[in-house]
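J.: Sequence:
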Amino acid sequence: MRTDTIALCYPNRIELASLSSPTAFAAELPITNLQDPVFNHWARRVGVDPLQINGTFSKQYFLGCLAIAAHNLSGAATWRARLYSTTADVGSNTNVVYDSSIQRVWPSLYTFGQIPWGFDNWWSGGARDEDRGNFTPLSVAVTDSVLARGFTIDIEDADNPDGYLQVGRVMVSDLWQPTYNYSFGSEQGYDFRADSESALDDTEYIERISSRRLLNFTLEGMAQADAQGRSFDVMRMLGTDGELLVLPNQDSGIYQSQQTFIGRLQQINPLKTVNYDWHEHAYSIKEKT
Numbered sequence: 346m347r348t349d350t351i352a353l354c355y356p357n358r359i360e361l362a363s364l365s366s367p368t369a370f371a372a373e374l375p376i377t378n379l380q381d382p383v384f385n386h387w388a389r390r391v392g393v394d395p396l397q398i399n400g401t402f403s404k405q406y407f408l409g410c411l412a413i414a415a416h417n418l419s420g421a422a423t424w425r426a427r428l429y430s431t432t433a434d435v436g437s438n439t440n441v442v443y444d445s446s447i448q449r450v451w452p453s454l455y456t457f458g459q460i461p462w463g464f465d466n467w468w469s470g471g472a473r474d475e476d477r478g479n480f481t482p483l484s485v486a487v488t489d490s491v492l493a494r495g496f497t498i499d500i501e502d503a504d505n506p507d508g509y510l511q512v513g514r515v516m517v518s519d520l521w522q523p524t525y526n527y528s529f530g531s532e533q534g535y536d537f538r539a540d541s542e543s544a545l546d547d548t549e550y551i552e553r554i555s556s557r558r559l560l561n562f563t564l565e566g567m568a569q570a571d572a573q574g575r576s577f578d579v580m581r582m583l584g585t586d587g588e589l590l591v592l593p594n595q596d597s598g599i600y601q602s603q604q605t606f607i608g609r610l611q612q613i614n615p616l617k618t619v620n621y622d623w624h625e626h627a628y629s630i631k632e633k634t
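Count along the sequence shown from 1, then add 345; that gives the number in this note's numbering.
Please keep in mind that the hints were generated in silico from the structure rather than gathered at the bench.
In this text, all values refer to a predicted model and were calculated from it rather than measured experimentally.
Any given hint could turn out to be false.
Unchecked claim - Derived DMTMM-like pairs: lysine to aspartate or glutamate, alpha-carbon spacing no greater than 20 Å straight-line:
1) K617 / D578
2) K633 / D349
3) K633 / E565
4) K617 / E565
5) K633 / E501
6) K633 / D519
7) K617 / D571
Put together the whole structure using the sequences plus the hints.
T.: See below:
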């Protein structure tokens, strides 16, 4: 797939999947919690033995994105995502139409010189366990869309300090890349929420509640296939409540984890026709946490 344009992953098909696993989940935090759009309704693997999540669909879908979000996986964890053309072979190495290969759950977060000598991640630049709270846990595997009827996600994290493995959400979706990348002038930032109270002496006490990433951008120069066929489709299918995984820059290296997130449209902006077969569409996306 191309790395020079933004990738928008939608719609999330996880709620249409029949989920199963050869491994045991906690009775109060079952595997079906992965189909709950609330991220902190986790599915928890009992213990730290390897975890496998299998999903099948009643029919084929175009799929190009798999992701695990809101997980507790450590800096040493690995994962692998596979898509299958049939339901019978899910969990095996037969009829695989996409294989991400084994990857680190947490990509490199630091450049050379940012980490003092002697730290255990000095060579790799990867995440330390204390970094996990500073980043939204999200691991993504993407490919050109393929027709698939099933998927498997394998996770290994034998040294997880929590003593269990849990994931809050799985994303399995199609992937769209417009012909041209978004225009200059895009905006990235954070939306912070905090609770504040003042004492009688006017001392202010502030507690941060949440911080969510924001991305505003405009797709310009779209022909009708991109404009009506896909960008208009994003509005129709997602509204302001549907999930959208956005990868603004796949060539950004260590900064990709800071830029990539699952969010939702903050508002539905109309598709603008500039002239014959030339359209533009403004997006405003806010992170889900």
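J.: Of the hints given before, which are not true for this structure?
T.: Hint check: 2, 3, 5 fail, others pass.
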